[in-house]
Every structure is written in C-alpha cells, then in structure tokens.
Amino acid sequence: MSGRAPRVTKTEAIVIRQRRLGDADRIVTLLTPLRGKVDVVAKGVLRSKSRLAGHLEPLTHVEIVLAHGRSLDVVTQAQAVESFPALRGDLDRLSAALYLAELADRFTVEHADATGLFALLHAALVRLDRGDGQQVVTRMYELALLEATGFRPEWTRCLGCGVEVPADEARWSPLEGGVIGVECGARYPGALPIDATALRVLRAYQSLPYEEAGRVRLTDDLAARLEQIMHSLMRAVAERELKSAAFVSAARHARVAEETATAGLDEIRDDECAEAED
Amino acid sequence: MNDFRDPSGGGASPIARLVDAFHRLPGIGPKIAQRLAYHVLRAPEEEARDLAEALMEVKRSVVLCARCQNVTAENPCRICSDKGRERTIICVVEEPLDVVAIERTGGFHGLYHVLHGVISPADGVGPEDLKIAELLARIRDVDRDVTEVIVATNPNLEGEATSMYLGRLLRPLGIRVTRLARGLPAGADLEYADDVTLGRALEFRQEV
Chain A
1 MSGRAPRVTK
11 TEAIVIRQRR
21 LGDADRIVTL
31 LTPLRGKVDV
41 VAKGVLRSKS
51 RLAGHLEPLT
61 HVEIVLAHGR
71 SLDVVTQAQA
81 VESFPALRGD
91 LDRLSAALYL
101 AELADRFTVE
111 HADATGLFAL
121 LHAALVRLDR
131 GDGQQVVTRM
141 YELALLEATG
151 FRPEWTRCLG
161 CGVEVPADEA
171 RWSPLEGGVI
181 GVECGARYPG
191 ALPIDATALR
201 VLRAYQSLPY
211 EEAGRVRLTD
221 DLAARLEQIM
231 HSLMRAVAER
241 ELKSAAFVSA
251 ARHARVAEET
261 ATAGLDEIRD
271 DECAEAED
Chain B
1001 MNDFRDPSGG
1011 GASPIARLVD
1021 AFHRLPGIGP
1031 KIAQRLAYHV
1041 LRAPEEEARD
1051 LAEALMEVKR
1061 SVVLCARCQN
1071 VTAENPCRIC
1081 SDKGRERTII
1091 CVVEEPLDVV
1101 AIERTGGFHG
1111 LYHVLHGVIS
1121 PADGVGPEDL
1131 KIAELLARIR
1141 DVDRDVTEVI
1151 VATNPNLEGE
1161 ATSMYLGRLL
1171 RPLGIRVTRL
1181 ARGLPAGADL
1191 EYADDVTLGR
1201 ALEFRQEV
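Listed in order, the protein sequences are those of chains A and B.
Here this note's numbering is used: position 10 in the first sequence is 10, and no number is missing along the way.
Count along the second sequence from 1, then add 1000; that gives the number in this note's numbering.
Hints in this document: simulated from the structure, not taken from any laboratory.
Since the model is a prediction, treat every value here as computed from it, not as a measurement.
All clues given are correct.
Computed list of lysine to aspartate or glutamate pairs in EDC-like fashion (alpha-carbon distance at most 20 Å, straight line): (1) A/Lys243 x B/Asp1123; (2) A/Lys10 x B/Asp1194; (3) A/Lys49 x B/Asp1189; (4) A/Lys243 x B/Asp1129; (5) A/Lys49 x B/Asp1098; (6) A/Lys49 x B/Asp1195; (7) A/Lys43 x B/Asp1189; (8) A/Lys243 x B/Glu1128; (9) A/Lys49 x B/Glu1191; (10) A/Lys43 x B/Asp1194; (11) A/Lys49 x B/Asp1194; (12) B/Lys1031 x A/Asp23.
Just chain A, with the same shape it has in the complex:
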C-alpha cells in the first residue's frame, strides 16, 4: 500500500447542485475549500431508505468522505453540518440561495483551491438563514465574488479615461463591467443609462464592510433597480442566462401578487383578514 495516493478523502463541502444518474444514483456537485468544484457520485440516494440522501440536498454544508473512483469519486459517508432550515422554508430566501449556488457553480473551476469562494458562499447562506436582508446579502455576495474572480466592476472611475464620474451623469456597460462618463460616451455606443441612487448604493456596497452595508436603507423600488443592474452584470460576466436570477424575480412577483390579492380580500371579508395576518 505504501507510496500509493490515499484511497479516501475527508472534506467539508457545500452541495451546490445534483443531477440524476441512472435509476437510483445522483451526481452531486460540491464546492470544497481545497479542491474547488468537484462532481461526485452518490449511489442509491433516490431510494427511500438511503442514508445519504437527506445529507446531500443542495444548499447543505456537509462533512463528507469520498472514495476515489476511476472517473468520479464516490460518496461513502456524509453528515450534514448545517442544513439552513429557515432558508428552506421561505421562498424568497430559498430562491436567493439557489441564485448564489448557481453563481458559485458558474464562477468556480474544478480541482483548484477555492477557500475564499467557499467562505463567501458559506457566510451568505448563514446570513440568509438567520434572516438578514436578502438584498444586501445577495448584492454583497455578487460583488465579493466578482472581486475574488478578477471581475471587480468599476463603479467610480470612467472606463474610458479613468476620471471620476458623477453618479447622475454616468452611463454603464454590463459587458465592459463599469461606468462611463459623458466625455467618453461616444466610444461606448452600447452603454446604458444607470439610476444615480442605485449607483451610489453600489459604490457604498463596494467600499463598506458587510455589517455597515446592511444599514443602507432600500425601498422596494430601489432594491428592484439594484437587482436588475447586478443581474445583467452577472449574466454578462457568466456569458449565459442565469435561470435562478429569473426565478428570484418570479418568486417576488408571486409574493407581491399574493399580498395585493390578500389586501383586496381583506376589504371584502373581514373574517378572513385576521386569519391571513396570522
């Protein structure tokens, strides 16, 4: 046995996605601190008596033992460390967490150190689970992820000339990843208008630590504008549609529609009003 590579590895990981393999197995994509993104096989997890299945749900922080296989490693043991139950019980937070996981999937490479990215995703899931604002958690995660992967957006200085751009004169380009001043506008014909207040918030988010960024107060409307800007930026960097970003918006629209309908019913039926508020 001496001289051979070890046959098993023990690591912590966050499950970022799963897909079916054959009748009862799944390929599980893990984000690990030291090996980056890893695809592993979880055997028999679609059977109802599987001892692994519950520990390998997406968005679970697990301790896992992997046996080295010919092409993919195989899960031999898994124990959930944190399963973030509060996050799973709320559609808005769950959709946000799925979005974070999809970003982690798109922005990390396989078999490379990802200690920083693991810590970022873990911190964001903990914050969503304990009930921090979904907007601030998501936006701070996006900005930190872009910074860590070399795509830090430039919100202050013009991409063309490097001069500081006043927020109310700025345009921006998702593809170029930053703002453009009036002087250089002609050189960036695809540049889009950007809301000045949203830009000020993004500048603040980029320079403040998380705890202070959380004190920036957002109206629903401003939050929606920030979301739209960041979703187009992430889509441009990832070079593909992010289905989970669309689901975050769909979940919010459904909530607003439900709240509006409930408010409408309140006026009609007083009895049901008390029940809905409960």
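Following the hints, position chain B against chain A.
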C-alpha cells in the same frame, strides 16, 4: 461501444443499431443491451413485430390529457372523466409515474395535475417550463369547484421550492394549499436520519 460492425464495412450492422437503441434506454448498460438485442434476434418474428408495433403505437396514440396533463390514450383521461372522483380536490405531482404511485395507495379519490417536472434553476427549469399555467387556467375555467390543492412534489429542495411557489399563486384564488406530510420512511433508522427529516418528523408527530 459495440463490436458488431458490418463485416462488409458498410457502416453499422442492424444488430449494432438495435444494441445502440437499447443502450440509449434508461438503466440499460452495454451488456444488457447486447443480451436484449440477441433475444430479439432469436425470438420468433411475431414477438419482434409485437414489440415494434407497441413502440410505434405508444408514440402515435398517447397524448397529454387536456385537463390534468397526464399521459393518456383518451382525452380527457379516465380519471378526469370518471364521475365518481371527488372534484373539489386536486393532487399536483411532478411526473405521470407519481400518479401511478398515489393511485396504488387507494387512499386518494380526487383529481390529479401533472407538472412534468419541478422548478430547478440549476438545471435551467423555471416555472414557465412546467404545466403551471395550465393548472391555474383549469382551476379558473373548468374545475371551478376545487377548494383544495395537495402539492405532492418530492420532499427535496426543488420540490419544496415548487410547492411554495404554487402556494403563492393558488392562495389568492381562495384555494387551500396543502403539502404531503414529511418524516421518516417506513423501515428507517433514526441514527442515520438527517436533521431536516428528523426535525420534520418531530414537528408533524402524531398521537399513538
């Protein structure tokens, strides 16, 4: 993958083609595919014709039920047109096979609705890719007596996301939205249960 190339060198032989066709089916590995292909080769011609006709028939005549979206040869399907079923309750499932599983229990006598999938952004599946619009239209226009929708999606992350999303869409219509109970499977071992399952089992405990 196969070792049945045409000796004349004229491309894949009919046997190779059949082996490949079996191999593409779920759960069929290369060895089983070969065994099945040789079984067909040795079987009487009639048996082979039956198999071929059954395959073509299923593609020709099976459609989605206009109401519940289940696969069926009659439209509307037998369950939707059965006058004996309770018409105030719809059980929403992910796949046609889930209808079979619930019917097997004999404990549900209402109607079904098949979503043909589950919300899974990581796999590129959003609400617009499922039969959700059909469910809402059906409750609004056809099955107006429905008072309760049981969401019987799988108790995993995607299933939960789908059930919460459906809840948001259906409650404004005045529909009671329920979820299948969750907990330990029959024959399970507490020691190996994950926290979420065990937590739910405690939460939804029952009087003995």
